[in-house]
Amino acid sequence: MQITQQPNQQGDTVDMMVNMGPQHPSTHGVFRLVIWIDGERIVRAEPHIGYLHRGSEKLCEGEQYSQVITLFDRLDYVANLNCELAFCLAVEKLMGLEVPDRASYIRVILCELNRIASHMLFYGVYGMEAGAITPILYGFRERERIQSLFEGVTGARMMHNYIRVGGVKEDLPEDFPKRLSTLTAQLRAGIDECDKLLTNNEMFLARTKGIGTITGPDAIDYGLTGPPLRAAGVLEDVRVSDPYSIYDRFDFGIPVGTYGDCWDRYYVRMEEMRQSLVIIEQAMEQMEPGPVSAKVRRIARPPKGEVYLRTESPRGDFGVYLVSDGSDKPYRVKVRAPSFANLQALQHMLREAYVADAVVILGSIDIVLGEVDR
Amino acid sequence: MEKPQKREREGPEASVALDDKGQALSVLLPDVLSEVDIEVGAALDEVVLTVRPADVTAVCRTAKDDPRLAFDYLRCLSAVDYIDRLEVVYHLFSLQKRHKLVIKTSVPPDNPKVPTVVSVWAGANWFEREAHDLFGIEFEHHPNLEPLLLYEGFEGHPGLKSFPFHDYDEW
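In the order they appear, the protein sequences are chains S and A.
For the first sequence, this note's numbering begins at 605 and goes up steadily by one.
For the second sequence, this note's numbering begins at 2 and goes up steadily by one.
FYI, nobody ran anything at the bench for these hints, they're computed from the structure.
Wrong hints could be hidden among the right ones.
What the hints assert, rightly or not - Output of the computed footprint for chain S on chain A, the stretches with three or more beta carbons under 8 Å from beta carbons of chain S:
1. 21 to 35
2. 50 to 63
3. 66 to 79
4. 147 to 159
To be verified - Looking from chain A toward chain S, a few residues come up when the C-beta cut is under 8 Å (computed):
5. ALA15
6. GLU47
7. LEU96
8. HIS100
9. TRP127
Unchecked claim - With beta-carbon atoms standing in for the labels, derived distance ranges:
10. VAL618/S to ARG99/A: 37 to 43 Å
11. ASP32/A to ASP855/S: 46 to 52 Å
12. PRO777/S to ASP32/A: 39 to 45 Å
13. HIS142/A to LYS800/S: 51 to 57 Å
14. LEU19/A to ARG745/S: 33 to 39 Å
15. ARG853/S to SER120/A: 49 to 55 Å
16. LEU19/A to GLU650/S: 30 to 36 Å
17. ALA18/A to GLY857/S: 30 to 36 Å
18. ALA59/A to ARG745/S: 52 to 58 Å
19. ARG761/S to ALA43/A: 39 to 45 Å
Ideal Cβ positions, reconstructed from N, Cα and C, are used throughout, including at glycine.
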């Protein structure tokens with residue numbers, strides 16, 4: 605860590621500049637945060653991003669639609685399927701393509717599982733950031749179970765390339781219903797166990813309650829979405845407010861926080877995992893045998909035009925703006941990454957906070973640098 | 002380096018199907034924004050409002066503050082390079098009214114200047130910095146138009162169609 609001092613024009617005290625990152629274990633990747641502190645208080649914070657900028661949006665312009673899916677896998681590498689889904693839905697919407705029911709149910713089940721896996725990673729890492737080592741072991745145990753199911757379905761633990769334009773790659777394996785029902789029972793018990801371990805722990809409460817608060821109107825102004833927005837008391841979930849795919853067929857709750865502090869952001873995610881299980885169980889009940897892909901040409905050529913589609917990824921409102929010129933490659937792809945917009949509010953949340961809380965506040969936003977930098 | 006050519010292809014256009022809220026909005030817009038030069042169109046299921054660059058801040062301010070529109074959430078801000086022009090696209094959504102709108106403005110590629118909307122939605126800040134990095138669009142009166150995604154001293158704007166990427170050989 606590099607520490608420098610610079611004079612303060614206002615008074616006798618001297619603001620100290622502390623540099624955190626880009627190689628720092630608590631920054632979830634390569635993220636650099638420069639903070640100016642006066643004593644223990646943060647006066648100003650300046651996030652620096654771009655260390656993982658691969659030009660994904662530009663790369664998409666040189667690939668065919670089916671190849672772009674692999675690039676989307678690598679945006680939010682903790683919730684790959686949710687990214688694939690957003691792109692495929694956007695292309696389908698532009699083409700006016702009807703997806704078979706069974707394919708939609710498979711997508712929803714897998715995406716909700718991916719949401720749980722993503723939140724489990726958050727749970728483990730967030731415990732570590734607050735100073736507890738144990739949660740990560742429990743979080744990863746649950747995540748591992750989900751990933752081995754993914755491996756059985758898609759053939760890969762991450763970077764699945766399973767959701768395709770018009771449906772999914774192939775039907776579920778035969779033992780899937782059995783494995784899934786075992787998994788949901790395990791997950792339900794696992795979430796309860798995790799909940800018991802950390803949520804009402806006195807030290808965890810002391811580290812997170814009333815820290816890094818943001819009000820609802822401020823959160824909307826900063827374009828905050830997903831769990832951080834709902835933690836601030838705003839009832840907004842794309843799955844309900846602007847339903848995509850078949851989310852209008854399920855009956856589930858949306859957890860909403862009260863104070864918009866770190867604990868609320870944490871607890872909204874814990875409840876969301878339970879609601880995801882509710883969706884998965886309903887989807888399993890409603891799902892019927894049938895085709896898993898619409899009849900599409902091998903090389904998709906959407907009509908001229910543009911589409912904007914948003915989905916609820918584990919981190920928030922994941923939007924895809926797609927401009928097509930009628931050829932087999934997209935003319936322009938713009939990804940509205942939820943982490944990118946959520947991270948902007950960090951400066952607001954860090955204002956007047958203690959320097960020791962900086963890591964806890966950053967962790968509560970749950971960023972993935974792969975989609976922040978793209 | 003070859004000058005990029007605009008890809009022109011024959012093909013069908015995506016059909017337009019506005020829902021009830023979209024239709025109501027496209028009727029309402031000319032009424033609310035009667036003082037500005039606007040053009041109301043549609044793309045797929047979105048109402049598209051085309052304005053002149055100079056009017057962007059005023060139109061966005063009205064879109065947010067007018068109770069009939071109440072666009073409090075900036076979904077996305079993107080730039081698109083159409084070679085003969087650069088387009089800045091604002092995707093808006095209203096959390097209260099649950100309707101959506103797209104505002105578009107076009108600027109010439111040799112002098113791309115658009116007033117900032119950071120004063121309207123604080124969340125526009127990084128989106129504008131990104132568009133400045135990748136497309137070279139100057140957002141006038143932006144509080145901090147520093148490079149965000151690119152490193153300091155990077156030359157060129159990699160988002161533009163004229164920027165090569167398959168034969169890019171710095172490494």
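Verification of the supplied hints:
1. 21 to 35: violated (count 0)
2. 50 to 63: Violated - the region 50 to 63 of chain A has 0 residues with a Cβ nearer than 8 Å to chain S, which falls short of three.
3. 66 to 79: holds (count 6)
4. 147 to 159: Satisfied; 6 residues make the cut.
5. ALA15: holds (3 Å)
6. GLU47: holds (6 Å)
7. LEU96: holds (6 Å)
8. HIS100: violated (10 Å)
9. TRP127: Holds. Min distance 5 Å.
10. VAL618/S to ARG99/A: 37 to 43 Å: This hint is violated: roughly 50 Å between Cβ atoms.
11. ASP32/A to ASP855/S: 46 to 52 Å: violated (39 Å)
12. PRO777/S to ASP32/A: 39 to 45 Å: violated (57 Å)
13. HIS142/A to LYS800/S: 51 to 57 Å: holds (52 Å)
14. LEU19/A to ARG745/S: 33 to 39 Å: violated (49 Å)
15. ARG853/S to SER120/A: 49 to 55 Å: Violated, at about 42 Å.
16. LEU19/A to GLU650/S: 30 to 36 Å: Taking Cβ atoms as reference, LEU19/A and GLU650/S lie about 43 Å apart, which means the hint is violated.
17. ALA18/A to GLY857/S: 30 to 36 Å: Check passed, 31 Å falls within 30 to 36 Å.
18. ALA59/A to ARG745/S: 52 to 58 Å: Holds: the Cβ-Cβ distance is about 55 Å, inside 52 to 58 Å.
19. ARG761/S to ALA43/A: 39 to 45 Å: Given about 43 Å between the Cβ atoms, the range holds.
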